[in-house]
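Build out the structure end to end from the sequences listed, making use of the hints.
One letter stands for each residue in the lines below.
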Amino acid sequence: MADKIMAIQTGRLSLSRVVYHTNLQQAAGVIIPLGVIAEMTIGTWRALGLIARTSLAMDETDAIGRLLRDKLSDPYSFLKPEFDWAFSNTEPDEALGKLAQRFSESLFFAPPVVTSTKKVLPTGGAGAELVLSDLRKSRDEEFYLMLAESRGKPDPVPSEDTTKFKLAA
Amino acid sequence: MKRRDYSALQRDLRDDWFALLETPDDWIDRGPMNDGESQSIRVENAVTGMRGVAKPGPAKGAEEGHCRAAHEKLAFDLAYLAHLSVAPVVLWGADAPATYKRGRSISSWAFQQSMKWDEANNKGIITPTLRESAGPLVSAMRVFHTWIADIDRKSDHVQVNVDSPPMSLEIAFIDHGHSLSYVWKSPNHPTPAQAAYMPAPEHRDVMIETAEYIATIADADVSRVINRIALPYLPPEPKAHILGNLLARKGNLRAILGI
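Chains as they are written, first to last, in the working numbering: chain A, 14 to 182; chain B, 584 to 842.
Rather than coming from a laboratory, the hints here were simulated on the basis of the structure.
No incorrect hints appear here.
Calculated cross-link-like contacts (lysine to aspartate or glutamate; reagent style EDC-like; alpha-carbon spacing at most 20 Å): (1) A/K93 with B/D701; (2) B/K706 with A/D87; (3) B/K706 with B/D618; (4) B/K643 with B/D612; (5) A/K111 with B/D618.
Next up, the structure:
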């Protein structure tokens, strides 16, 4: 039993909300919630997760500029390539910051909110599953909180999610 | 010289901020822009709710040798005189010179909805037709950037209007901190032409028209927009270099560009 328990591992959890600003020029502009992206690095693991809406309400779609309206009608499909890009092209703990640099205008990845985390991880697949489970839980809580804050009610919306993980080093 | 098509609101803002040197209003810090060397921040007008971008950010505030705010303001003012598309800019004196040795500028958002050119291109929203439609303004701006010696141009410094008409891409140019006295350290400072950098077709006729129009801008008008900027934004020596180089290059842009 003892040989299956690793030492205490410290790591970081980063969360970014992804929204669309329909009026950058005015504080009163409508902001459409799209999704949440999360990154966790702990021990030898790096995990990245995305959850996003798969459709928008009619009034939300109508508020999006002509050139982007169709493409953004399914936010999950629109954001998935950026998630894949970040997983393949950024170093551990840098994914969300890089996305925030690239998308700082109407399509807006918020600067990541980072918290420290500390866990005892089992070795092998069980450890990876624990990391993914924690990442999904934090990501989804943030997503539904964002929706509730934005829409004023905690009703569910159609959404889809994905996660990826690999050894960080 | 063709006037650009701006919305009524944008026309009003361009006129207002060309007339206005320094904002008298309170602006609220809304957090970092998170995307550039100048460490700029988002700001919001405490009364009107108007939003903009202030630079430099706190990390660059102590710089005394780089008059970023003055450069941003002058690039807009000179573009206004040339009827070109630089997002309106005003100076902001809050915490200057104590924290911000050369003050700050506030740039407005050119459009209600925008993306950086590169990201818009990556997302496939710039069709060949739209890219073609941007050619004339891109060509005109290459002449303008040669005039003001802007050496920091890249396609990420171009905002695309996400609500552009289907056949005509509306764009605006931002980030002019690395121009003017950042480059000119003496009178008649030799400065090459701005190289072509935008992935849009170049129109030689538009470049010639722009160069000839800039040559007709009165020396007095150029002098006025420069001389009204004082300390802490722009010390006398860089101000003199800016004025001298702009006036010397103004009628010589076709030769500099080889057109």
